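Engineer: Since the structure of chain A is already known, use the hints to place chain B on it.
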Amino acid sequence: MNSHHDSAALHHATRRHFFSRCALGLGSIALGSLLNGRRAMAADAAHLANPMAPKQPMFTPRAKNVIYLFMAGGPSQLELFDYKPKLVELNGQPIPQSYIEGKRFAFMGSSHGTKLFGTRREFKQHGQSGMWVSNLFPHTATIVDDATFVKSCAANLFNHAPAKLFMNTGSGQFGRPSMGSWVTYGLGSESQNLPGFVVLQSGPRGPRGGAVNWASGFLPTSYQGVPLRGSGDPILNISSPKGVTAQRQRDCIDAVRDLNLKRLVETGDQEISTRISAYEMAYRMQSSAPELIDLSGESAATLKLYGVDKDKPSFARNCLLARRLVERGSRFVQLYHTNWDSHGGPGENLEGDFEKVCREVDQGQAALVHDLKARGLLDDTLVIWGGEFGRTPMGENRDTTGRNHHIDAFTMWFAGGGVKRGAIVGETDELGFNPASDRCHVHDIHATILHLLGIEHEKLTFKFQGRDFRLTDVHGELIHKMLA
Amino acid sequence: MKLALLTLAGFLAFIPFGKGAAPDYVRDIKPLLAEHCYRCHGVSQQKSGMRLDTPAAALKGGEHGAAFKPGKSAESLLVQAITGAHDKLSRMPYKKPPLSAAQIALVTRWIDAGAIAPTNEAPEKNIHWAFVATTRPAVPQLVNRKAKNVNQIDSFILTRLTKENIKPSSEADRITLIRRLSLDLTGLPPSLAEVDAFVKDRDADAYETLVNRLLASPHYGERWGRWWLDAARYADSNGYSVDAPRSIWKYRDWVINALNADLPFDQFTIEQLAGDLLPDATMSQKIATGFHRNTQINQEGGIDPEQFRIESVMDRVNTTATAWLGATLACAQCHDHKFDPFTQREYYQFYAFFNSTIDDGHGKSAPDGMLEIPGESEGAAESQKALAEAEVDLERYLNTKGSDVAKWEQSLTDEQKSALKDEVRRAMAKPFAERTTKQKRLAYAAFSKDDDNFKQRTDKLTKLEKGQPKPVTTLVMRELSQPRDTHIFTKGDFTRPAARVTPGVPAILHSFSADTNANRLDLARWIVATNNPLTSRVIVNRVWQQYFGRGLVETENDFGTQGSPPSHPELLDWLACELMNPSSFNFERSTLNAQRSVPWSLKHLHRLIVTSATYRQSSKARPDLAITDPNNKLLARQNRLRLDAEIVRDVGLTASGLMNERIGGPSVFPPQPDGVMNLGQSRREWKPSTGADRYRRGMYTFFWRATPNPALMIFDSADGFSSCTRRLRSNTPLQALTLLNDEAFHEFAQALAARILKEGPTKDAARIDYAFRLCLSRTPTSAERARLITLLKRERAGSDESTAWTAVSRVLLNLDETISRE
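Going down the list, the sequences are from chains A and B. Heads up: the first sequence begins at 1 in the working numbering, then just goes up one per residue. Heads up: the second sequence begins at 1 in the working numbering, then just goes up one per residue.
Some hints could be false.
Unchecked claim - Okay, derived cross-link-like pairs now, DSS-like style, lysine-lysine, Cα gap no bigger than 30 Å in a straight line: (1) B/Lys167 to A/Lys262; (2) A/Lys55 to B/Lys633; (3) B/Lys407 to B/Lys364; (4) A/Lys103 to B/Lys687; (5) B/Lys417 to B/Lys364; (6) A/Lys463 to B/Lys96; (7) B/Lys163 to A/Lys312; (8) B/Lys407 to B/Lys95; (9) A/Lys242 to B/Lys758; (10) A/Lys459 to B/Lys95; (11) A/Lys481 to B/Lys96; (12) A/Lys242 to B/Lys793; (13) A/Lys459 to B/Lys338; (14) B/Lys167 to A/Lys103; (15) B/Lys163 to B/Lys633; (16) A/Lys242 to B/Lys763; (17) B/Lys463 to A/Lys459; (18) A/Lys262 to B/Lys763; (19) B/Lys687 to A/Lys242; (20) A/Lys463 to B/Lys463.
As the list claims (entries may be wrong) - So these bits of chain A aren't anywhere near chain B, every CB distance computed over 10 Å: (21) Pro57; (22) Asn159; (23) Asp353; (24) Arg421.
As the list claims (entries may be wrong) - Partial pick of chain B residues on the chain A-facing surface, computed with a CB cut under 8 Å: (25) Cys331; (26) Gln333; (27) Pro733; (28) Leu737; (29) Asp816.
For the record, the hints were derived by calculation from the structure and aren't laboratory data. Quick caveat, the model's predicted, so the values are computed rather than measured. Glycine residues also receive a C-beta, built at the ideal position from the N, C-alpha and C atoms.
Bound-form chain A, shown alone:
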C-alpha cells in the first residue's frame, strides 16, 4: 500500500467494487445508452471513487475488525486487575518520596492524595493464566483465558480530554485522526450498507471531548466515526422526513440519480459518479440501520447472555450491537461507557458508584467475547478494553474513597484477532505505581493494533501541513508478547 492514496489503486479497487456490489446502483439504469454516446467517459463512470471500498492490508492480517470498549474516565486497575497485597499492607502510609519526585498529577494543588490506599476488594486468580480479577468482575473473570491482559500500560497526559485524545489519536492535540479513522482510511470497510467506523455510547454522560474522540482530523470526513444513537434515529438523518414514504424516497433518489448521470455525461466530472454511489449507500443505510438495531431476531439465550433489555439503551445492548455491526462488515466499532472517574466525591466514589459502573459493563463485555467466540468471529475480531489512564495507588479519600488519575501504569485487555489467549504482559512494582517490566506505551499499543490488522504503523501516513503524520507519531514498538 502506498502512503497516500494511490489514485490508480483506488480506481482499481473501486472499479472492482462497482462491478461486484454497485450493480444495484447503476444496474437498473441504461448504462448501455451511456456507452453509446461517450464511451470513454462512461467507462470512467465505473470508477466509482468510494473511499470506503475495502482495501488490501500491507501483509496478512490477524484481525479484520476491531471492537474497542472505551472505559471513559479511567477505571481503577487497582480495584479490578492489578492486585497489590503490599499496598493493602501499607494502607494509610505516605507514598515514599522516591515514587513521586518530578511527577505531575491532575489537581496538583490539592492537599489530599499522598497516602497509599490499599484496595478493599477481594481478588482471586482465574483460568489457566492465573490472572487476578476482583469480585467486581465475576463475568469478566470467565474470559481471562481468551485474552491478554497488559498491566503495564503507560500514557502521557493526565487530564481527561487530552488523555482521551491521546489514547484515540496518539496526540493530545485536537485535529488529529482517531484510530478508527486511520484504520478505515487504510483498510476501507467490508460493509457497503453501514458505516465503516461506528461509535456507540452509554452511561450518564458523553465522554469528555465529545465528537473529537472519533473525528477524522485532517483525513477526509468519510473516515470519521458515525455515532449510532441510543434513541431517536440510530444515525443522524437516517429517517426520511415526515410524510415521505419509502416509495417516495426511492422515487426521489432515482430522479436524482438520473439527472446526476446526465450531468456526468455532460461534464465528465467523476465526482458526480461518487455522488451517485453515495446516494445509493445512503438509501441502503436507511434500511440497514433500522435492521441493525432491531434485536427481535436475536434468541432469548443471546439476550440473556448479554443481559440485554431489548428496548433499553445500555452498554450490554451496545455490545450486542457491536457484534451485529462486525457481522455486517463494519470495520471499527467503538463503545464508550461513562463514568469511571472515581475521585471519591459524590457519584464518583470507589464504593457503591464504582460497583454500579462495574455491574453496567461486566456481563456485556464478557458476553461479547463468549458470543464472538461461539460464532467463530473472535478469530477475526480484536476486542480492546481500557480507559484513557488508570488510577493512583494513593487514595483520594474524602467521606468516601477514590483515586486520582494515573498515567504511569494501568491495565488494558485485548481478546481475539491474533492476540495471545490467556496471557499476562507486564507487571507493576509492589505498589502498582510504575511498570516493573514490559512497559507498554500507548504508541506501542497503537503500533500493535495496526500490526494485527495487517498495517505497518510507520507506513500508514497522511501528509498534512508539510509533514507525514501517522497514528504513532514518531514512536511505537510492537508488543511482541501480545501476539499469538
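Structural biologist: Here is chain B on its own, set in the frame of chain A:
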C-alpha cells in the same frame, strides 16, 4: 519514484567498474553524496556538524572527525558510516535503505586512490526558491495575439499551454459564468433577474460590470470573510472538553467589514496581529486582535493552566506561520526543522512575540482580555424601552413624595443618619430636586420601604435592570506590563525549560530590524514587509486556490523544501508583486477599472483573476487531456468544484426564498437534528432560532467546537481547532442523508414548492423550468424536463399539489450540480 530509480540505474550503468580507472569525484562521487547525504549534511542542515557538499568541508569534518582519510578507506568515517561499521553511529543514510555494494565500492576506491577532488569548490548557496524575495517577472508576449479577453495571467498560462501544445478551453456560457462568479465572489447564486440581465447585456464590458457589482456587494465580505476565518480558526466556543460558549463574533464581523472596505492586506494583517499596540488604537483595531484569541481555552478541573497557556502561545506561532508564511515552523517546536532551515531556537524566538499577553490557560483572566463594546448590548430594543418606562414611572411617583421624604430626613438625628448606608447619606446631602432617580429611590427606600406603591414600582424596575441585556464583549489581545521570559523547551516539553531567548525571526528570511524589545507590532510589520518572500506569495496562492480548487503551489501550507514546487512560478511571483505593488498600466479594457489600485488590495487581485480568460473557461472535462494533464495543473480548463459547507446551505436558502440576508451580529441556531449536543461532555442547549434568524447564512450558525453543527461538518467546514488553509471536499453518504432528510433542508424543499406554486407560472413544464432555474440558474434540457415531469406525475398520485412539488423540489436541491459551481 519508479522513474527516479530507472534514471539512477541508467546512470550507474555508465560508471566504469574496471580496476584501473579511479572513480572521478565530480562524475561519480558527488552525485552519490548529493542524492543520499546532502539532505542532512548539506546547505540547509549539518547533522553532527558534518557537511559533505564540498570536499573541503568533508575533510574538515564534524563532531566525529573528518569524513575521510585519503588513501585509507577503512579508517574513513564516511565508509564506516555507509557500511554500518562504526561502533557509535547508525548506518547511514539514517533510516533509509543502504547504498548498494557497487556504490560503496566506488566510494572506497575513490578514497583509497587518494580521494582526489577539486579543492576550490564553493559551498552551495542554493536557497530554496520560496525564501528568496520576489522580483517581478516580465509578462510573456503571446504568440497568438488574437486570443480573446486575455490579461497578464493568461499570458503566463497560455504561454505554458502553447509550449505543451495544449489548447485552452472555450469560455463558459454566460449563465455558467454568472453563477460561477456570484458563488465565487459572494457565496450566493444569482437571482433570476440578474441572470437574465447579464445574458441580455450586449455591452462589451458586461462581464467587467458584473465583476464590479459583485465585488461591491456586502456579501463579498461574507464569502471571503469565511475564507479568512478558516485560517483564523474562528469558532463560538472555548473548545476542549468543557466547551463553554464565548463571544467573539465582533471579530468575525470585523473581518467581513474589513474585506468589504478592501482594507489593504498589510493593514489587515497589522491590525489583527497587533492592533492593540498601534498608537491610539481604535476600538476597531482592538477588535481585530481577536484573530489570536481564537485559541481554545481549557476549563477542565485539575489542569495545570500554564500548560494550556503555552499550548495557545504555540498555536499562535503555528497559526501565524501557516496563515501568512506558509511555513511549517511548528515542526521546529521539539527539534530543529528536519527539512527547512528553521532551528528550534528560532521557533522559540518567534514564540517570544506571543508569550506576554494577559490571557491564562484557564480562561480565568477573561475579564482583562475581554473588550466591552460601548453602546452595544446583546438584547433587544424593547427591553430597554420597558426599562426607561419603568424608570420614568418610578421617578414620577417619587416626585409626589418629595416633601414627605424631606420632612423625614430633617427629623433624623445624627446618630440615626450615621447608621444609614454611605450612598444614602450622599443622596440626602443633595436637595431633593437635584437628586438623580437612583438617589431619590435610595432615600425613599430608607424612609418607607414597605410602601406598596413604591415596592411594586421599584421591584419592577429592579427586575428589568437585572434582565438588562449584557454589553457586547469580544476577546482581544493585551500585553502584560512586564513581559514574560521565554525559554527554549527541550523536546517541546514545557516542563523542561532550557536557554532563554529574546524575540526574533528565522534568519533565512528577510532581516528584522527591530531591537531586542521587539513586540508583536514589529513582527506584524516584518510579516508584511515587501521584501518578505513568503507572505504575498502565500496569500495570492490561497486566493488562487479558491478559484481553481488548487493553488499554483499545491501545498498551500508548506512553501518549504518539502512542499510542491509551483506549477507556474513566474505567474505566482508576478501576482505576488502585483498584490504588493499594482501596476499603473491598466491591461483591462474596462474604463471602470481605470483608477490605479492601492497596494495590497485584495479586490484588485480578485478582479485580475476573475477577469482572466483562464478563469472564464468552461470546466468540462477534456478527454484529450486525460493522459497529458489529468489533474488539470496547466489549467486548460476550469475545475468544477463542490460548494463549501456554508454555501450548500445558502444555495438552499436562496432557491427556496427563505434567505434572511442580514449581515453580521451574534451567531444563530438554525434547526439541527435532536441529540447532537448530547455528544459533548457538557450537554449544551441548542434552541432553534425562530423567525428570521432561522434562515441566516451558513456562516452565522453558532459553531460549537466540541459538537459542531452536523450539516456543516459533514460538508467539510473548518473545525476551528487549528488554522485551516484548505478545505477537503469529501463526498459521502452522510452528505446525501443530510440533503435528503435533514429538517433544515427539508424545510427548504417545502418552501421552494410553495414558492413555485405561488410565484411560478401555471403550466407544469414552465413551473419545472422556473424551479430548475431557481436552483441551477439554467433551464433544463428537454430530457431533464421530461424526467422531472415523469416524477411529478408519479408523485401526484394520491397526494396534493404541494406534496408533489415538494418531491420535485427535493430532487432539485439534491442534485450534484446544485451544490457545485461549474
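Engineer: Indicate, hint by hint, whether the structure satisfies it.
Structural biologist: Hint-by-hint comparison with the structure:
1. Taking the CA atoms of B/Lys167 and A/Lys262, the gap is about 26 Å. The hint holds against a cut of 30 Å.
2. A distance of roughly 28 Å separates the Cα atoms of A/Lys55 and B/Lys633; the hinted pair therefore holds under the 30 Å criterion.
3. About 50 Å separates the Cα atoms of B/Lys407 and B/Lys364, which puts this hinted pair outside 30 Å; it is violated.
4. With a C-alpha separation of about 44 Å, the suggested pairing of A/Lys103 with B/Lys687 is violated against the 30 Å cut-off.
5. This hinted pair does not check out: B/Lys417 and B/Lys364 have alpha carbons roughly 41 Å apart, beyond 30 Å.
6. With a C-alpha separation of about 19 Å, the suggested pairing of A/Lys463 with B/Lys96 holds against the 30 Å cut-off.
7. For a cut-off of 30 Å, the pair hint linking B/Lys163 to A/Lys312 is broken: about 69 Å separates their Cα positions.
8. Restraint check for B/Lys407 and B/Lys95: the C-alpha separation of about 96 Å exceeds 30 Å, so the hint is violated.
9. Our distance criterion of 30 Å between C-alpha atoms is met by A/Lys242 and B/Lys758, whose separation comes to about 23 Å.
10. Pair hint A/Lys459 plus B/Lys95 holds up; C-alpha atoms about 13 Å apart against a cutoff of 30 Å.
11. For the hint linking A/Lys481 to B/Lys96, the alpha-carbon distance of about 28 Å falls within 30 Å, and the restraint holds.
12. Taking the CA atoms of A/Lys242 and B/Lys793, the gap is about 21 Å. The hint holds against a cut of 30 Å.
13. Proposed proximity of A/Lys459 and B/Lys338 is supported: the alpha carbons are some 19 Å apart, at most 30 Å.
14. The straight-line distance between the Cα atoms of B/Lys167 and A/Lys103 is roughly 67 Å, outside the 30 Å bound, and the hint therefore fails.
15. A hinted pair counts as satisfied when its Cα atoms are at most 30 Å apart, and B/Lys163 with B/Lys633 qualifies at roughly 14 Å.
16. A C-alpha spacing of about 28 Å is found between A/Lys242 and B/Lys763, which places the hinted pair at or below 30 Å, so the restraint holds.
17. Taking the CA atoms of B/Lys463 and A/Lys459, the gap is near 64 Å; set against the 30 Å cutoff, the hint is violated.
18. With a CA separation close to 24 Å, the supplied pair A/Lys262 and B/Lys763 stays within the 30 Å bound.
19. A C-alpha spacing of about 21 Å is found between B/Lys687 and A/Lys242, which places the hinted pair at or below 30 Å, so the restraint holds.
20. Our distance criterion of 30 Å between C-alpha atoms is broken by A/Lys463 and B/Lys463, whose separation comes to about 57 Å.
21. Every CB of chain B lies more than 10 Å from the CB of A/Pro57, the least distance being 21 Å, so the non-interface label holds.
22. At roughly 5 Å from the closest C-beta of chain B, the C-beta of A/Asn159 falls inside 10 Å, breaking its exclusion from the interface.
23. Interface exclusion of A/Asp353 from chain B stands, the closest Cβ pair being 18 Å apart, more than 10 Å.
24. With a closest Cβ-Cβ approach of about 35 Å to chain B, A/Arg421 is found to remain outside the 10 Å limit, as its non-interface label requires.
25. Here the hint on B/Cys331 is kept, as its CB sits about 6 Å from the closest CB of chain A, short of 8 Å.
26. The closest approach between the C-beta of B/Gln333 and any C-beta of chain A is roughly 11 Å, which is over the 8 Å cut-off, so the hint fails.
27. Checking B/Pro733 against chain A by beta carbon gives a least distance of about 4 Å; that is within 8 Å, so the hint holds.
28. About 4 Å separates the beta-carbon of B/Leu737 from the nearest beta-carbon of chain A, less than 8 Å, and the hint is met.
29. For B/Asp816, the suggested interface contact is upheld, since its CB lies about 5 Å from the closest CB of chain A, less than 8 Å.
Checked against the numbered hints above, the structure violates hints 3, 4, 5, 7, 8, 14, 17, 20, 22 and 26; every other hint is satisfied.
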